[in-house]
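Colleague: Below are the chains, spelled out letter by letter.
Protein chains: 2
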Amino acid sequence: MIANAFAPAERAAVYRAITERRDVRRHFLPDPIPEPLLMRLLDAAHHAPSVGFSQPWEFVIVRDPQTKARVHAAFAKANEEAAMRFSGERRTRYRQLKLEGIREAPINLLVACNRRRGGPVVLGRTHQRSMDLFSCVCAIQNLWLAARAEGIGVGWVSIIRRQALREIFHLPHHVVPIAYLCLGWVREFLPEPELQQVGWAKRDPLSDHLHWERYAAPANELGIIDGSTPQE
Amino acid sequence: MIANAFAPAERAAVYRAITERRDVRRHFLPDPIPEPLLMRLLDAAHHAPSVGFSQPWEFVIVRDPQTKARVHAAFAKANEEAAMRFSGERRTRYRQLKLEGIREAPINLLVACNRRRGGPVVLGRTHQRSMDLFSCVCAIQNLWLAARAEGIGVGWVSIIRRQALREIFHLPHHVVPIAYLCLGWVREFLPEPELQQVGWAKRDPLSDHLHWERYAAPANELGIIDGSTPQE
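If you're matching them up, the sequences are chains A and B in order.
Going left to right, the first sequence walks through residues 1 to 232 as the working numbering numbers them.
Going left to right, the second sequence walks through residues 1001 to 1232 as the working numbering numbers them.
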């Protein structure tokens, strides 16, 4: 039974990667990532589960400063729009956040989902069409954890229009951008998520997310915590 | 720089979890999972990255055989529909596959995305609405890797209608089912993915998924490998 479990030190290493992983936006160093290391990270991604073993991911490795500049411009535009969706003091604080490291990180990586991988009918995708997108996210999380173990920081830039990424990278219609990642050696990994450190949000107790046998709305949705009616 | 990297044995443990993780559908043992262990796995999930630190995941822990039976019935219905989407020899082989362990696994786990977590405007979700769904997938992959290190097998059941899960678990409209997982101790972890072992699909060389600076369609999409026109 526990014959299949890792030794205690190995288990601890896995949990360490999980708890010390960070979404890195600052602290990137300019030092290049050696190509064998980059390939280890991509191979970790490639070992993710994929629906029907379809391996739908495509990885575009970006080092060209001109490409990074185009992506950064698309980010800046979206970020200004995003700021306007917050109001008052929250908007002021939003503008002070550092939300990407596109130009500083030596490697940028576009992860996209090729919806033609695996053929026209993919086992396991027949009833949940988004399973191939989810497979790509599993690949990203594998890469993220492997990167942490290697000392490489990863930041996920989501404040950008998918259409901008499509245009910059000439993606055909059936290849969907999933994530634009920034990778690099980092000066430090923060002891806690940056959004927690700056007081934007804090980690919930796990128990707030647990349900036994059936779903029950969390307390803060019932207006118990903040007294307001939730909105969408 | 590499001061932030894990020691070699720790790095190896992280890669081991990544490469030895399996999607488990058979080989589940009936032995219960101790609750502290289950909580470690859920805590690993809870340490996933989440858009705007919104922590949008909800975990429903299922042990009731009656609930499992209802889920299994929904799977069986979808699976029969799925089989009909394959033809000829592929359909015959599809029917021979074991695609879930719902009733055998001591724990079933519904992971759902609560789209109201984080409030009406979530940092980083302003331009990519599906980021919260992706955060939940990162949580699932964390749990999957931690489970492997603990000797616990995890299987993702995707051949089921989301609407069936909504009904069985009384999910409100804004809580989206992401994954239905089966967890349990296992007799063994297969040395390679089961779909590869039975000849359904095989792992591509990583190089087939790599692009430098810009996207280029993979060779098999250009009809070079299988000589056919890709279809959607």
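Hints listed in this document are in silico derivations from the structure and should not be mistaken for laboratory results.
Incorrect hints may appear among the rest.
[To be verified] What the simulated footprint calls covered on chain A by chain B, stretch by stretch (three residues with Cβ under 8 Å from a Cβ of chain B suffice, anywhere in the stretch; the number is not a length): (1) 83 to 94; (2) 101 to 109; (3) 137 to 150; (4) 160 to 171; (5) 194 to 207; (6) 210 to 218.
Keep in mind it's a predicted model, so treat the numbers as computed, not measured.
The C-beta atom is built at its ideal place from N, Cα and C for all residues, glycine as well.
Colleague: Sort out which numbered hints this structure fails and list those numbers smallest first.
Modeller: 2
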